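Chain by chain, the residues:
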Amino acid sequence: MKDLIKDIESRFKTSDYIQKLDHLAFITVEKEQAISLVTYLRDYRKYAGLTLLTAVDWLEDGVFQLTYLLNNPTDYTEIGVRVMIDRDNATMESSHHLWENMMTYQRELREMFGIDFPGSPRIEEDFILEGWDNMPPYRRDFDTKKYAEETYFPRPGRESNDPATYMKSKMYPND
Amino acid sequence: MEKDMNKHKFEDLDVDKFLAPENEKRSVLAPDGSIVEVDPLKDYFCQDRPEVQKPRSGPVENFLNWARAESLWVLGFGTGCGSIEIPPLTTPRFDMFRYGVQMRATPRQSNVFVISGYLSVKTLKRAIRAYEQMPSPKYIIALGSCTINGGMYYDSYNTINRLDAYMPVDVYIAGCMPRPEALLAGFAKLKELIKAGKAEKANEYAENFDWYKTNQKKIIKDWNMPDFNW
Amino acid sequence: MDLKKLFQMNPDRSLYPEMGEDGKPIIDLSSHKFLKIWQGPQHPGITGNMSLELTVSGDEIVESKTHVGYLHRGFEKLMERRKFIQCFPTCIRMCVAEPDPNEYILAAAIEDLAGIEVPETAQWLRTLALEMARLQILLRSVPGQGGTFALGLGYQWGNYIRDLILDRFEELTGGRVYHMYIIPGGVRGLLPDGFKKRMEENLKLVDEFVINIDNLMYNNSVFKQRAKGLAVIPKDWIDTYGVYGPTARAAGVMRDVRKTHPYLKYAELDFEPFTTTESDVYARSRVRWHDLQTTVDLIRQIMAKMPDGGEIRAETPNVLHWRIPKGETYQKCESSRGEYGMYMVTDGSDKPRRVNLKGPSYTHANALLDKLLINANIADTAAIMVSLATCPPEIER
Amino acid sequence: MDYSITKFLWTLLGLFIVLNWGMLMSSTMRRIGARVAGRYGIPWYQPWIDLVKLYSLRTHLTHGTMFYIGPVFRLMGGVGIFLFLPMVYGNPHWSNYSFSGDLVLILYFQFFGMLGMALGAGEGGQPFSAIGISRGLSQFATIEVPMTLAVISIAIQYQTLSISDIVAAQQGGFMTWTLWTNPLATGAAMLSLLGAFGHSPFNLVKAPNEIPIGPPTEYHGTFLGVLRTNGAILHVAEAALFMNLFFGGAGSWFELIIKTFLIYFWSVFVGTVFPRFRIEQSVRWFLKVPTILGILAIIIFL
Amino acid sequence: MNIKDVLSPFTAWKRVARDPVTVKDPFNDRPGADRYRGFHKNDVEACIGCGTCEDICENEAIDLVPFKDPISGDSGLRPSIDYGRCCWCALCVDVCTTNSLTLSNEYTWVATDPDEFIFTPGVDKKDWDENEKGWKKPEGNYEFYGLKRVEMEHLHPEERSDSFIEMVKGYSKEQAQKEADRCVECGICTATCPAHMGIPEYIKAIRNDDIEEGLRVLYETNPLPEICGRICTHKCESVCSIGHKGDPLSIRWLKRYIADQVPSDKYKDILDTNEIENNDKKIAIIGAGPSGLTAAHYLVKMGYSVTIFEQFEAAGGMMRYGIPEYRLPYESIDKDINYILSLGVDIKYNTRIGADITLDQLGKDFDAVFSGTGLHLGRSTGIPGSDNEHVYYSTDYLRKITAGEEIEVAESIVVIGGGNVAMDITRSLARMQKVKYGKANIIATSLEKEDVMPADREEVVEAREEGAIINPGWAPQSIEIKDGVPTGLHVVECNSLFDETGRFNPQCSMDVKEFWPGVQIIESIGQGMDLSYISEEFKENMAFSPRGRVETNDYFQTGVKWFFMGGDIIEGPDVIHGIANGHKAAIGIDNFIQGIDFKAAK
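Protein chains in written order, with the working numbering: chain A, 68 to 242; chain B, 685 to 914; chain C, 23 to 419; chain D, 1146 to 1447; chain E, -12 to 589.
So here's chain A without its partners, still in its complex pose:
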C-alpha cells in the first residue's frame, strides 16, 4: 500500500497518513479534493467498493470528520479517506453518483449529524427518526441521557448511596 499512498500524496493535498494494519490505512485529504480522491481511487486504483461512510464529531475542534472507507476487491486492502469539514457549516459535496448505496449513508449522516449533501436523492426524507425536532442526535453536544430522562421519565422510587459518603454520614458525620 506504500506505493499507493506515495501516489496519492503526490497528486492530492493529504496529511496524517497512518498504516493501521497491513491491509488498512487512513489518510486525511483537503475537503475540496475529497471527492476527486475518492473517484480516483475508485476508477484508477481498483478501490471499487464502498465499505462505509461515516462521521466523527470533534466538538472541541469544531469539525466533523467524514471517513470514506473504500475497499479493493482484488487485493482486499482498505483505505480510509478522512475529510475534515466545518461543524458550523456542515455541508459536503454529494457522491451518490459513485455508488448506488452512497445515498443511504448520506441520508443517515444528514439525519443523525446534520451534515448536508446537496443533490443527494431523498436526502430530505426521514430515514430513521420520525418527527424529530431536536438537535441531530449523534452530535456530541446532544445529551441523550438528559433528553431521555426528561422525555421518557424513568420509573420513580429508586435511590442509591455512595459507600464513602454513606459511611461518612453514619460513622463520622462531623469530620
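Quick caveat, the hints were computed from the structure, so don't treat them as lab data. All of these numbers come straight from a predicted model, not from anything done at the bench. Fair warning: there could be bad hints in the mix.
Derived lysine-lysine pairs resembling DSS-like cross-links, with alpha carbons at most 27 Å apart [what the hints assert, rightly or not]:
1. C:219 <-> C:287
2. B:905 <-> C:58
3. A:212 <-> C:105
4. E:387 <-> E:322
5. E:-9 <-> D:1433
6. A:80 <-> C:348
7. E:232 <-> C:105
8. C:373 <-> E:135
9. E:123 <-> C:218
10. C:87 <-> C:58
11. C:218 <-> C:257
12. C:373 <-> E:322
13. C:373 <-> A:87
14. A:237 <-> A:213
15. E:426 <-> E:387
16. A:98 <-> A:87
Dock chains B, C, D and E against chain A, hints included.
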C-alpha cells in the same frame, strides 16, 4: 404521572407540522367529473372513542372467560428484540399451540399483544394503532426489562422507558432476553388473570383514554392520525 | 399475432416501469393504475421490524422504498457515553439473531486499539462461538427461505435443532440468545465438561437435517419454480451496491472475510466457501445450505484442534477506568450475512469517541432491495428480503 | 321432495354433526401436520374454544353493510352445498334436500361463497383484502375449469346430474367407484380439489406472509366466527361431494367420516410439503395438467 | 419438471410416526444451564457494599441501599437490582470484589405490577436463594483488575542489614500507575483511615498522572504525606476491597509516590499557600509531633499565629526519635516539617513545658493551647531482673540512636515485645551488631502468636531477612542475672491472651520452657505518657478515664476550654491518629475561638 390527569390539551399539539401529504385536506376529481373535498383525517379513519364495555358476571361470563383464556391469539408483530424468542415457541421445542396460544397476522383477529422488548417512538406509534385495532377484550404482555423501566436503553433518546404510561399492560416478564419458558409462564399468568376476570385492561384504557393519549402525544410528535382512530 | 409472446412465461419487463432521468420510475398515483401498499412493520413477511413502501401495479411492484428506524436505539450514541467494558453488553444487541459477531468485532476493535494480544485458548473458543452462532442462524435462515414461500415445515425442523445449539450456547456462555461471551481481552469461560460430546450429537442431527432439507426444499418442484430466476443480482452490481457474503458468493464473487482476511484461527482451519453463479434466490439459498455444511465441518475441526485448557483472558487494565489511546480502526468478521465491520475512533478517554457498525443489511436492505423489488411480484417480496438476509436492527442500530 | 319440519330438523342435526366433524377434522389435521414438524400441535378441542371466544368478543365494528353480509354469504356457500348434498346414501334422513339437478346447484354454491366474501372484504377497505380477493377469484375461476370438466365427464358417464343417482351408480363394490371407472375425471377433480381446500401450494388467498391474511384481514369476532363455522362445514361438505362423486358415497356416518377425512387429508398431504405458487403459476398449473385430464375424461366418454 | 422434484418432498412424511421432540413440562423439565445467567443472589455476610457492581453496570440497574450500620471495611450498603434495567450481562458478578454476588439459574419472573421488579438479593428472600447453579465469576486468569500488588523494590537484605539507608526504594511512575490502576474507587478505606483521607481521589490523580491534584488531595487531610507515605500503619489497606480476593492496594506507597514526586519548592505554588491571611489570634502548640504539626498546619492556614514548643532540638517527635532512619529518612521528615514551618509557624526548640514555661502561662499568653506530647516513657514488664541496668527501654534507645549518642550494643540481645517499636529496635540493633560484630545475634519475642502479632507482617519478614530471630508466642518469666549482667531470658509458651469476656488474661503452659541467652535485654512492650507538665489544680478541671487517660470531646477539647489535647496520649499510638487528632483539634480550636458552639467536653 397521576392518572386523574384526564384532560386533553389539544393546543399543545402542532399536528400540521408533521402532517403527511396524503393526510392533508384536498379536493379530488371524481370519475364522474365532480370535485369532492376530502379530509383524510376525518374520512379515512374511525372517529369513535373506545367505549368501556363492562364485564358481566355470573357463570356464563366465567365460561366465556375460560374460553378467552384458553384461546389466546397473539398478534405477530415483533416490536423489539424479544421477537427472536417467538419462533421457538411456535416450533417443536416449546410448541405453545398445545396451550391454546396461536399467532395471528392481523390485529383485528388478535387478543394478545406481546410487546417484545423496547419500543422506539416510531414503533410505539404503530403499536398503539395495532392495539387500538384489536377487538376487546384484549391483553398486553410486556416482554423483557426494557418495557418495565427502560432496560438497556434507559438513556436512549429514541426508546420509551415505561410502557405502562402509553399502553395498559396486563403481565410483565422480566429478563433480557427472557427464555421462551418465561414467556410461556407469562401466558400462564395471563390465563390465570383472565379466568379470574381480572384482565380488564382494555376497559382501563378506554376509561383513561385521554390520559393515555396525552402521554402518547407528548413523545409521538408526528402523530399523523386522528385522535380517535380506534 | 405473436403466439410465442403470448405464451411466454415471464414477459419482458425491462422497459417497465418507465424510468425518468433521475433513475426513478415515473409513477402517477392519480392515474388509478397504481396502489401504494405499506408492507410492515406489522407484517409476517417482513424480516423483523421494518417496512417497505411498495407502489404496485396489479401484483407487480413498480417502486419500493425501504423504511427503517423502528428498532433504532441509538447504540452508537449510547456507546459514546459508556466505558469500553460497558459497551460490551450494549454492543451485542445490535443484531439480535446472530449476536456473537457483534461481540467479536467490538472486542477486536478494542484490542486492536489498546494493543492487547488474546490468549491462544481464547482465540479458539472465540472461533467456536462464532461458528456456533453461524450454525444457529443458518439453521433458521436456510429453511426460512422456504418459509417465505409458505413451506414452514423445514423451518420447524431447523428451529428445533437451533434450540439445541442454543442449549449448547447456554452451557458454554450462560446465555441463550445474548451470549455475552467474547469479552474484550478474551472469553468468559472454558468448555464445560462433556460439551464436545453433546455438540457432536447435535451436529449429527444437523447432518440429518441437511439431507432432509435438501429433499424437502431444494428438490421441490414448486420451490424451484418460485425461487429460480427470481431477483437475479448481476455480477457488476456487487461493488456499486455493496453486496457481501453469501449473496455475493451466489453471484460468483468470492466474498468471505474468513478467507480474505483470516482472523482468529481461521487460517489454521481447512475450508472452502461455496460459490456459484446463478445469483438468484435459489442460488443464494443454496449457498447458505453449503455454508451450513461448511460450518458443521468447521465446528468439528475446531473441537478437534482446540486445546483443552489454558488462559481465557489476557491481562487488561482495570476495566472500571480503562483508557485507550487516540486512534481509529476498522475491524471486521464474516457473519452469516456477510462482512460485518466496526469502525471505532478513540480519543484517549475511557469511552469510545465514535463507534460505527456496518452490517451487510445496510446496503442489502436499502439500495439493493429497492432495486431488486422493481418488477417483482408482490408475493415474492418476503422471499427476496430473506434471500438478502436483511436484519433491520443492524441497519439502524 | 320432503319439505316437512321433521326433514328440516334431521337436516339441522346433520348440519350440526358436519359442523362438529369439520372442527374435529381441522384440529386433527393440524395435529398431524404438527407431528411431521415434531410437535404436539393444538389440542383436539381447540376449534370449539376458538369459536366460543370469537362469538364472545365484545368489539364488533363494521365497515358497512356489505361487510356484514360478506360472512353471511360465505356461510350460505357452505351451508348451501351441505343442503343439497346427500350425506349418507340410502338414508332419507341424511339425504338433505338433494334433488335431481343438485350437482349444478352445488357447483354454483362453491363459487357463491367466494363472491360473497369478495363483496364483504372489498368493503373492508384493506388493500391486502383486495389483492386476496382478486387472487381468490382468478384462482377459483381456474380451479373450476378442471372441476367442471370432471363433473361434466361423470355426468356424461352416468347420464345424470343428480348426486344421489351418481352415488347409486357406484354401489356394488370398491371397483365400481368412479375412481376406477373414470380415473381421468377423478384425477382432474382431485387436483382441483387441492385448490378448493386452499392448502399449499394453492393457499394464495390468505397467504399470511404475502398479504396478511387476504380477504378476512378486517374480520374479527362474530364475523370471523361465522367464517370459521363456514370453514368447518365447507370442508366436510366439499369432501363429501367428492366422496359422493368419485369414491362411492357413504353408507353410514362412519364411512362418511373415514372417507371425508382421507379426502381432506389428501390436500394436507400435499400441502404440508409444498410451498405456495405465485398466482400466475397457480393459474397456469390448473390450466395445464388438470384441465387436460378433464378434457380427456370428457373425450373418452363422448 | 422433474418427477423427482415432485416426489422427494413427500419423504418428509416419514417423520409423522415419530414422537414429538417437544419439552413436555417446560416449567420444570429444563432448568437453566450450570452457568446460566439468571436472577441475582448475594451473600450479604460476605458482601462489603463496595459498589463496584453499581459502577460497572451500564444500565444503572444497581442501587446501593442501607442494610445495616456501616463498620470499618463494610459500608453497610447492599446492592439492590432493578430488573426493569438489568440486562443479565453478569459483569457485576465478574467485578465483585468479594465474590459474594452471583447469579442463579432461575429465569422466570412474571408479575402484574411493574414496580415489583426491584429487590435486594440476599435481603429480600427469593425462591432461588438456595440455587447452587448459575453464573459465577469464571475461574482462571479472568480478572477485571489486577489482584497482584506491584512489588515494591526493597534493598536486598544483604545491602541493608548493615546500614541505615532507606530500604524501600519507592515506586516509579509506571509502577505507581499500574498499582493505582487496580483501585476500584469504592472509598471504603476512607472511613477506616483515622484521618479520613481522600484515598480514591489521590489514587485517581496518580492514574491521571496529575501529581499536583494528588498533592492537593493529600494536604486536605494530611500535612505529613512524606512521613505517612512511609511509616503509616495503613489501616486502610486492611479493609481494601481488592484485598478480599487479592493483594490490597499499596495505598501507603502510592501516597509516598505523590509526595516524592513534588520538589519541596513547588509545594507552596501547588497548594496555593504563598499568601495566607492572618488574624490576630495566637495559638500555642506543645510538642512538634505529628498531631502538633498537623494542628499547626491547619491553624496557620486558617490564619492563626501558631507557636510550637518542642523539648528537643529538632521537630518531629516520635517520628524522628522513635523510628529508625532506614524506615524514615530524616530528609523526608524535614521536607514535610519545613513546609509547615515555612507557612509561618513559629517553633521554640529545647523548650519544655512545665520546666521552661508553665501551662498556665501559655493559657494566658495564647488564645488556645493544643498539646500533643505523646508517649515517651518506656514501660517495664516488671518481671524479676527487669530492674537491672542492662535492661533498657526501646524508646530511650531509639531516641539515642537518632540523636547520635553512643549506646551499648551487646553481642547477644533479647528484645521483649512484638509491636512495631520492638521490630524497629530489633532491626536497628541488628544493623549495629552487624557493623560491630559482623553478624546479628538478636532475638525478639512476644506474647502473641505469630498470626496475631501486633507488628506489621512485612516488618517481621524483613527483620528475619536481616538476620534477627523473631520467635513469638512466649511469655517472659524472669531475666537471669549473673554478676550484675543479664545472661538471658526465661520464657514459657503462651497459648492465649484474652479470656472469653475479652479481658487481657494470658494463659501459659508453664511446662514448655525456653531460655534465650542474651547479655542485653530490651523491653519494648508499650509506652507511657508523661503528663507531669499539667499541674494538679489544672487536672482537677479535666476529666480522666478510669485507666488514667485524659477524656476530651469530639474536638479534643479538655475540661479546660482553651486546652486541647490530641495524638498518642488520646488515641493511638500511631502517626495517622495523631494527624487525624491534630486536624480535628485545629477545627475545634477554630470553632472555640470563633465562638461556634459544639458539644462541650464529656
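Against the structure, the hints:
1. Among the hinted pairs, residue 219 (chain C) with residue 287 (chain C) is consistent with the structure: their alpha-carbon atoms are about 22 Å apart, no more than 27 Å.
2. Pair hint residue 905 (chain B) plus residue 58 (chain C) holds up; C-alpha atoms about 24 Å apart against a cutoff of 27 Å.
3. In summary, the hint linking residue 212 (chain A) to residue 105 (chain C) is supported, as the alpha carbons are separated by about 15 Å, within the 27 Å threshold.
4. Distance hint between residue 387 (chain E) and residue 322 (chain E) is fulfilled; the C-alpha atoms sit about 22 Å from each other, no more than 27 Å.
5. The hinted pair formed by residue -9 (chain E) and residue 1433 (chain D) meets the criterion: a straight-line CA distance of about 19 Å does not exceed 27 Å.
6. Our distance criterion of 27 Å between C-alpha atoms is met by residue 80 (chain A) and residue 348 (chain C), whose separation comes to about 23 Å.
7. The hinted pair formed by residue 232 (chain E) and residue 105 (chain C) meets the criterion: a straight-line CA distance of about 24 Å does not exceed 27 Å.
8. For the given pair, residue 373 (chain C) sits about 26 Å from residue 135 (chain E) by alpha-carbon distance, which is consistent with the 27 Å threshold.
9. Distance restraint check for residue 123 (chain E) and residue 218 (chain C): the Cα-Cα separation of roughly 22 Å lies within the 27 Å cut-off, and the hinted pair is therefore satisfied.
10. Only pairs whose Cα atoms come within 27 Å are accepted, and residue 87 (chain C) paired with residue 58 (chain C) is accepted, the gap being roughly 11 Å.
11. For the suggested pair residue 218 (chain C) and residue 257 (chain C), the alpha carbons sit about 41 Å apart, so the restraint of at most 27 Å is broken.
12. Under the criterion of a C-alpha separation no larger than 27 Å, the hint pairing residue 373 (chain C) with residue 322 (chain E) is inconsistent with the structure, at around 40 Å.
13. About 20 Å separates the Cα atoms of residue 373 (chain C) and residue 87 (chain A), which keeps this hinted pair within 27 Å; it holds.
14. Of the pairs offered as hints, the one joining residue 237 (chain A) and residue 213 (chain A) is violated, with about 31 Å between alpha carbons and a cut-off of 27 Å exceeded.
15. A hinted pair counts as satisfied when its Cα atoms are at most 27 Å apart, and residue 426 (chain E) with residue 387 (chain E) qualifies at roughly 22 Å.
16. Straight-line distance between C-alpha atoms of residue 98 (chain A) and residue 87 (chain A) comes to about 22 Å, which keeps the hinted pair within the 27 Å bound.
When held up to the earlier numbered hints, the structure conflicts with 11, 12 and 14 and fits the remainder.
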